[in-house]
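2 protein chains.
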Amino acid sequence: MATLELVAERGYDGLTVEGVAERSGVNKTTIYRWWPSKSALLGDALVEADLLALDTPDTGSLRGDLMALVNSVVRLLTAPPMADVAVAALGAAARNPELAAGTQRFFRDRFAQETTIFEQALGRGELKPEVDPMAIVDLLAGAVWLRVVFRGLPVGEDFTEGIVDVVMGGAGRGG
Amino acid sequence: MATLELVAERGYDGLTVEGVAERSGVNKTTIYRWWPSKSALLGDALVEADLLALDTPDTGSLRGDLMALVNSVVRLLTAPPMADVAVAALGAAARNPELAAGTQRFFRDRFAQETTIFEQALGRGELKPEVDPMAIVDLLAGAVWLRVVFRGLPVGEDFTEGIVDVVMGGAGRGG
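Residue numbers (UniProt numbering), protein chains in the order written: chain S, 1 to 175; chain A, 1 to 175.
Note that these hints are calculated values from the structure, not bench results.
The structure displayed is predicted, hence computed values, not measured ones.
There may be inaccurate statements among the hints.
Identical chains share a label here; the pair holds if one copy fits it or two copies do between them.
Cut-off 20 Å, straight-line C-alpha distance, at most; resulting in silico cross-link-like pairs (EDC-like, lysine to aspartate or glutamate) [as the list claims (entries may be wrong)]: (1) K128 - D165; (2) K128 - D158; (3) K128 - E157; (4) K28 - E18.
Okay, chain S solo, but in the shape it has when bound:
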């Protein structure tokens, strides 16, 4: 938690193992025993953070589950205090190979939780079997990232329902 707090306050460049030791009251040598670098420390902090957990929604329909997933990504990228951490850490990962390994683990871990959504939708006959579930997550989560972080535009219900409608229209069936 100290690691994530410090990233939120100072950005990735302001994060130091010394700072984490001070904030957490854990000896610096102890930290280095488990994490060789600040990027390894941040990678693990991201994967383990309960506050960054995505709920695995179970609303009874694919559309409902995808809306819940999109809303949890919107919260992750816009709601303080975690949005500052998430955006800073993900942005830093774009140019730091060692931190990228942590980010990749974070996305793998979250996707493993999300697969339930798609297994249930297949079981209910709501999802075209030829559509790759990871591509659905990438489309929706990517659209939110682009809009919030790169365009700096607000994300309202028009936007979230619009992107889910497009994806449901292309990936869903029946309904």
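Take the given structure of chain S and dock chain A to it, following the hints.
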């Protein structure tokens, strides 16, 4: 160009106005007269860079134009030397408000070019009029960003055709 080269080589944190002056042979004072900070300098460099230009495709069909758009985003994020610049600058924008203004301008500028695709598709009756064109761009470009930068996974034709199929299925009509 010196600005973008330096970002590619050193990352955003390694970019300095001094470095740009040295590389470009332009006096530091002259640079500061036009750009108050390195983030302003980088913002303008991004918007003006021909190498970061997206082709505005005109293949005669919405599907063809969206495939071309996706392929140009893939090139932007994976093909050296510009991919290093693009990923470093966009990642840095995630936590720097002044640089974010430049990134936002870059995305506005590119979107102004992309609207032609959607006007033509509407004219041909290929696009549902209720779908927001910007949401289509956000879905496709966001999916490529997420896959390349955050997941670190390869982007093959399976992926690019898969995301365009989903978006065409939800946003297109007729066909």
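Quiz prompt | Within, between, both or neither, where K28 and E18 count as close if Cα-Cα is 20 Å or less | solution = within (6 Å within a copy, 36 Å between copies)
Self-check item: Copy assignment of K128 with E157, given that the CA separation must stay at most 20 Å
Solution: For K128 and E157, only the inter-copy Cα distance (19 Å) is at most 20 Å; the intra-copy one is 25 Å.
Quiz item: Is it within, between, both, or neither for K128 and D158, if the alpha carbons may be no more than 20 Å apart?
Solution: The answer is between: 16 Å across copies meets 20 Å, while 25 Å in one copy does not.
Practice problem: Could you place K128 and D165 in one of the four classes (within, between, both, neither) given a Cα distance threshold of 20 Å? | Solution: Classified as both: same-chain Cα gap 15 Å, cross-chain 12 Å, threshold 20 Å.
When held up to the earlier numbered hints, the structure conflicts with none and fits them all.
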